[in-house]
Amino acid sequence: MDNSLLSLLIWLPIFAGVLVILIGNERANTARWISVAVSILVFIISLSLYTEFDSNTHLMQFEEKASWISQFNIYYHLGVDGISMPLIILTTFSTILVLVAGWEVIQTRPAHYMAAFLMMEGLIIGVFASLDAILFYVFWEASLIPMLLIIGVWGGDNRVYAAIKFFLYTFLGSVFMLVSLIYMYNKGGSFSILDMHNLSLTAAEQAWIFWAFFMAFAVKVPMFPVHTWLPDAHVQAPTGGSVILAAIMLKMGGYGFFRFSLPITPDASYQFSEVVIILSLIAIVYIGFVALVQRDMKKLIAYSSISHMGFVTLGIFALFLAYKPGAAEAALLGLEGAMVQMISHGFISAAMFLVVGVLYDRLHSREISTYGGVINSMPKFTGFAVLFAMANAGLPGTSGFVGEFMVILGAVQANIWYGVLAGSTLIVGAAYTLWMVKRVFWGAITNPKVETLSDINAREFSILAVLAVAVVAMGLYPQPVIDVMQVTIEHLLNQALTSKL
Amino acid sequence: MNNIYTFDTSTLWVALPEIFLLSAIVVVLLLDLFLIKPFKQVTYYLTQLSLLITGILAFNLIGEPKTIIFGGSFILDNMASVFKVFMAGSTMIALVYTRHYLTSHKLYRGEYFVLVLLSMLGMMVMVSGYSLLTLYMGLEVLALSLYTLIAIARERAGAVEAALKYFVLGAIASGLLLYGMSMIYGISGSINISDIAAFAANASLASREMLILNFGLVFLVIGIAFKLGAVPFHMWVPDVYQGAPTSVTMFLSTVPKIAAVAMLVRILVDGMGAMHAYWSDLFIVMALLSIALGSVVALMQTNIKRMLAYSTISHIGFIMLGFVTGVVSGYGAAVFYVLVYILMSLAAFGMIILLNKQGFEADNISDLKGLSKHSPWFALMMLVIMLSMAGVPPFIGFYSKLFILQQVISTGFVTIAVIAVVFAVISAYYYLQVVKSMYFEGSDKNITITASMDMKLILSINAVLILVVGIFPDFWMKLSISLF
Amino acid sequence: MEQIYLIIALAPLVGAIFAGFLGSLLGKMATNVVTILGVLISTILSLYVFNHHVLEGGDVFNENIYTWMQIGNLNISVGFLIDNLTAVMLVIVSFVSLMVHIYTIGYMHDDAGYTKFFSYISLFTFSMFILVMSNNFMQLFFGWEAVGLVSYLLIGFWHHKESAVEANFKAFLVNRVGDFGFLLGIALVLMYFGSLDYVEVFASLNNVAGVTMLDGASVITVICILLFIGAMGKSAQVPLHVWLPGSMEGPTPISALIHAATMVTAGIFMVSRMSPMFELSETALMVVMVVGAITALFMGLLGIVQNDIKKVVAYSTLSQLGYMTVALGVSAYSAAIFHLMTHAFFKALLFLAAGSVIVALHHQQDIRKMGGLRKKMPITYWTALIGTLALIGFPGFSGFYSKDMIIEAVHFSSLPFADWVYVAVIAGVFITAFYSLRMFFLVFHGESRMDEHTQSHVKESSMSITLPLIALAIPSLAIGYFTIDPMLFNGWLDGAITITANHTSIASLKQEFHGAASMIPHALQTLPFWMMVAGIVSAWVLTLYRTQWATWIQTKFHRTNYVLESLYGFDRFNDIVFVKGVKNLGNFLWKVSDSGLIDKMVVNGSARFVGFIGSVVRPIQTGYVYHYAFFMIVSLLIILTWVLFAGERPLLEL
Amino acid sequence: MSSEQIIFYILSFWFIASSLAMIFARNAAKAVLFLVLSFFSAASIWILLEAEFLAITLILVYVGAVMVLFLFVIKMLNIDKSTLRAKFAGYLPLGLIVALIIIAEMTLVLGGAQFGLEVIPSPARHGADYSNITVLAMQLYTTYVYPFELAAVLLLIAIIAAITLVHKKESTHKKQNVSEQVNVRAKDRVRLVTITSPSKEKK
Amino acid sequence: MVSLSDYLILSSIIFCIGLAGIFINRTNIITLLMCVELILVAVNTNFIAFSHFLGNEAGQIFVFFILTVAAAEVAIGLAILTLLFRVRGSIDVDVTNSLKG
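Quick mapping for you: the protein sequence lines, in order, are chains W, D, U, P and Z.
Under this note's numbering, the very last position in the first sequence is 501; numbers go up by exactly one each time.
Under this note's numbering, the very last position in the second sequence is 985; numbers go up by exactly one each time.
Under this note's numbering, the very last position in the third sequence is 1639; numbers go up by exactly one each time.
Under this note's numbering, the very last position in the fourth sequence is 1842; numbers go up by exactly one each time.
Under this note's numbering, the very last position in the fifth sequence is 1943; numbers go up by exactly one each time.
It is worth saying that the hints were derived from the structure and are not from the lab.
Note that the structure is predicted; figures quoted are calculated from it, not measured.
Some hints here could point you the wrong way.
For lysine-lysine, the following DSSO-like pairs were computed, each having C-alpha atoms within a straight-line distance of at most 27 Å [what the hints assert, rightly or not]:
no.: 1; chain 1: U; residue 1: K1013; chain 2: W; residue 2: K449
no.: 2; chain 1: U; residue 1: K1013; chain 2: W; residue 2: K380
no.: 3; chain 1: D; residue 1: K979; chain 2: D; residue 2: K874
no.: 4; chain 1: W; residue 1: K65; chain 2: D; residue 2: K541
no.: 5; chain 1: U; residue 1: K1146; chain 2: U; residue 2: K1013
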């Protein structure tokens, strides 16, 4: 592969999206075929990131650099390392699923729907691949636009509120990041993220910058107490939107912590790590309880997403307390656990939302009480649903276990009580997930409409099967994923532990 | 004594664009009188041609060394030439949109074009003005033409009311400005910017000169703030934007901002640059008030023109922040912002005009309902425009804000930057209202677009530019900085 | 050898996958052939492994199969540790599983989920193998949860029954509570030992022995108790026992395999596996012992008032698990494993027999509606009799040896509260005998209380059902006699179990032990035997001889009866505190805190606040031009004043 | 007190008094006349300042033309009837306070300390040969030729504006359009309509 | 002798009377136009006074142009006023508030 692999990954879907818009809704089938074909192509191309990836170095790979806005030394600078590469592949992977899932479900303006997702794919890849802060910010914000439209145009009854809330919430979060990026540019004369890693900052500066970043990333993750956009957005978004939102967009926040907060403001991260950890634990426990009483399936999964993402932030920020000189394993467990959790959550939440989507397409209700005894009419589907539910509950052998396991192991070493609180998700997580499974899938049929449900068709089956394979494979053998990020994370750990003061 | 009073005709070429334009105005005016109905369109084309030639003439002067003629009243520098080119270009675009509006609202009259050209002339005078007197004269030429343009829809009560308000307040503002000018003249003994600059540079702190300069400065700043439409001298903006015929609003909200900024630069930067510390304090307050009030009050609006008026006030706040920095690159950022703002504002009003139907102003946000169904392309364009105004990347509006913020932060005003971005987020809400209307809400009304091809084409190019320049903003940023 | 171990583990998995994905295509026959074949291979190879390790004294096998995760120096792998303990467990699991597989052919013959069922039980077998063969905590946890998953699926196998669905949810959750402790224990192990590998952990036990945490608690104690909480969940010790009776909602073969013979004993196995660690903490051992004793006694009592045939067996399982736990507590790990083994056989037998009855009576489970089945179902009768006698510890039967050893071990224990526990386990013997025989008599003896229709159809079950009964009856009868010596005293489990010198129960037992045969006459002189006899007699009296006395006792001791029938109120407590409490808490957090406070007040509130400010500021724009002028002029005044007198550089001083 | 001062103060008094009278006048026409009085005072003061040309211009242009225009409009629109000022009293005190404060501040700034005779002495009076008009004219047509041209443009705008805004075109009278009449065709006059009878349609 | 300061203060008073006139006056718009004229006269007086004391004619020139502009302004102002009268039937300030908010 030549050097412009990442550019190809970014721009191919975006231009394909434009093309699909031009094809128009009238020729919907052409649009669908092209979209799916492009997404598969992009996925295949992105796989070469994995195959050609050198996991023995923390340095950026597949780098591209060209002057963009010379006024500010802004470069079109792309590159990936062990943190971003898996997330890019996750993105390309999820997009295929979403496009296939929307194949016949989306009947209003199908071409635009497909185009929005394709463009979003490109933009999100851009987020993960950017090595220039402004380029990053541009992609970061731009990716809001297609999501805004996806929620607003194809969403549920209260979509307008949800879409605008989503947009403003995340927009508000990220503008502070912009200010701090500019601040660092003024200080260091470069918008390159890697240069910012080496920029020396005083304690006060770090604190301000840390919180500015925190605003941006915490909203995106989302962390307690800035999470309330998520349930609304998820519930109102069409299935595909929820999937991308949960599977990828939330990861942008976690990625931000990895890429910006830890290396740029290590001392502030250390100083405020307990605050973040406590917020994460609140997210895990408190949100777990909130999830338990939800009556809307999507809302339940949305809340469970918040809870699961709490592990990501917990894992990241536990490193400072878990690290002991000479024994980096605990800190690494947390950090890598956070990464693994992000990827795994990408699969599982996507799967869960698709599961709800399958039901919603049939009965147009997300209320748990509408269902009951679905297994009787949809046994195959229930099989998948239960598998994913178990993964959501963190059952060993599924990917859901790996991240949580690692983070809990790490957190316990930071402070036993962190571990206790985090571990409570074993109970609460199982409770809300399986209670929903129980009320939706098991039992006798109470609603006559459930009886008429037809089991998943080949298209739905294949989507769920692919996800199931991914979930189980990663649960049984996570090492390949860890291999890829190991060196990078170790380097990151060093950065986070090296004081800038 | 007589030898002081000279008039050197050999330097007149420097004012060639103005001279040409004035001649062209006379030609258009006279020709229009004799044109019979079927050929009325000739006025339009002639106007466009005049603007084109004016623009070309101005373009040719780019790169000429700084020249001051007419006894110090007139300056030719790169800023002046570039601004003139931009003004000519923007006016041409505006006129493309205008023609559609005028025909559909039965306002098509030759005088309209003459007045636009006259205001253009006034703005060119302002841009090149290098004495308080010429600046004032240019300002009045512009203002009087605008009053007339607004009132040209004379059957409409709103338009007349808007014109009247603008007129009365404008007159007061002129009075204040003149009062300030008299003070500056009285203390410095000259009305030439260069003399004033020299005087201000030499005035020592806490001296009598400083006191009077400052005293005059307050009035000058107010006069300029009024022209820009900054809070608390913004009251005319929403009423005039709403009341005026849309084509006039479009013109009024765009090109004159360049002139106002040019006047600001001439008086405050070129003339009172030494007193930056004094006027920048005022600017900070007014800029933040503008950003805040513009963002917050716009939330409440249902009329899209009025909403854009408040949004303009907010944008003006950002532009003023550029001048707060007191450094060349900051001024460059402000100029960049102005140019970007004009590009966006033209497109936004162009969209409103595009949606006009025979005699019906589509100026409520709800009139855009369901646009994305009936005309996805233009809905997309409007989306781009609105998000760009909100400052969302990758559109050009983001880079202008970025540039300003970068400058503001580098001067040490981090808090100001934070306040500004928070309000930028608030303002995003009302831009989203437009997006909401277009995309999220259906409508049983069938929106048909009746505009001619040239209008559609130019509008599309205009909107696409918002994206394209957004992707490659480097040149324009550099250009803006190079003007100082 | 590695291949053999792999085949043992994977053969059932292959069967499970085959049955799960292709079962519906291939039909019932192919499904059960494949799955049974898989388990059969495992059984044969298990016997081979047993022979290799236990009988021939082969070396302990401890190798990693693949690296699950490598972080820094921390290696977490999937691997096998095969020693005598594992070998014994393999045999038990594979044998019982094989029997249950065969039994299922008949039992589930008409069920719609036939192939699925086979898939599940094969999957279970695989998971159980992984659990017992594991050489590290992660894999142990994996197996631990995997058996839990299958248990969940199988309890809810008849998913149309609301009670079954309720029960499996409950089972999973209660197990999760245990797992929560277990996982924390594992995390602490990693924290203090730096490894999750058994061998490495045990090797560095001495380094950690004196370490304390959390203001003085011994690390080892904390870890052991946390791990034991896991065991409590899986092995259904009080108070985490509440799920086990409910699990009887599953098909009977499951009750036999999972909820009697194998899975529930995983906790016992785990603690035995961890014996080097538990040995270092008296406190932990004591906790184990006391919990076990409470379970053994009080769960047995509940068996008395049960009328559901499976529930009675279930409570007896709880009680027997309590015995095993007690044995663990007094460091008689081998006795626990021994009882585990015998219990596996006779309890599986009892369940299968119960199942046979249930099938014969068209899924009638209430023992008050049975009676007099002895004639109609002779094989079931005789095998059930063997099972019952083994359960109550009738001398000579397998249960006799194992239970007697446990009682004696408690007797020799020097732990605090050991005396009380001794009393409890002795009392348990009476209770066990009483409820077991009560059930036995009610089912097989006396008048038939069935309706006409059922009675006319009752007949002995088919071959596939009776065959396993017979196959299980043989070990239930004899295995105790043959294995007590090698298992407890002659080193079958030596390599796998560590007992420190100060825990002398087993050593004392060894001194007392003079061969299996001599235990029988000896037993006649001991209290437990007579307690058992008393139990049998009272059962006979109350069920066959003077049934009205039972009613009298029930009314006379109605309070006690109420306590027992309400199962000590555990369920109600859980319902009120956990189910309702958590729901209320969740609703509070959701409605009040999350959507009320954060979302409505802070988030939407700030949006509304901005809107409010807007609506306040907006009327300033009155539309009157003189207001605008006034505004301008006042602004002029303010600015002028500010510039002249205030600001950073005031120009004038007043 | 010199005579110049006395004259100045008298004129100032008149100036201020008539200005105040103007803004308080209830009748628009009277207000115009008070303004004329103000302009006279102003012109007189300008003469004190030796700006004779401008003083004359003020009288001629303003009083002679602009004020007449005002009066003309007032009479034309018939708006000299005094309308009651409903909320007049409410705004008066506030307005006066604001105005007084501004005056006070301006006085502070412009007072003797800055522009007193000690700081800027009164210049010597010009001699009899001084022609204010000549001096201004010399500059106007040389140095200030550019603004002068602009003034012309401005007046042009005023003309265009006045005509554009106020001039009524067609509405007042009908007129013939000869070319239209000549070029008319028959089909422009008569439109042939095919009328289908409803009964036919029904079948 | 009359000092420059006196002239300036006089004009400032007139200036403020003009300003005050605008917002305390709501009889009709024509009075507003007259107030504006008052303001301009005040400014002119400033310029002339400065011009006189500085011995510099630029101020007077400036006044010349201000007078021109003012005349033109009045023409346009009155034109707009006439229009307003046509569309509204009144030139009361109080009724011209259809645009607000």
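These are the hints, each one checked on the structure:
1. For the hint linking K1013(U) to K449(W), the alpha-carbon distance of about 31 Å lies beyond 27 Å, and the restraint is violated.
2. Between K1013(U) and K380(W) the CA atoms are separated by roughly 19 Å; this keeps the pair inside 27 Å, and the hint holds.
3. This hinted pair does not check out: K979(D) and K874(D) have alpha carbons roughly 40 Å apart, beyond 27 Å.
4. Among the hinted pairs, K65(W) with K541(D) is inconsistent with the structure: their alpha-carbon atoms are about 55 Å apart, more than 27 Å.
5. For a cut-off of 27 Å, the pair hint linking K1146(U) to K1013(U) stands: about 24 Å separates their Cα positions.
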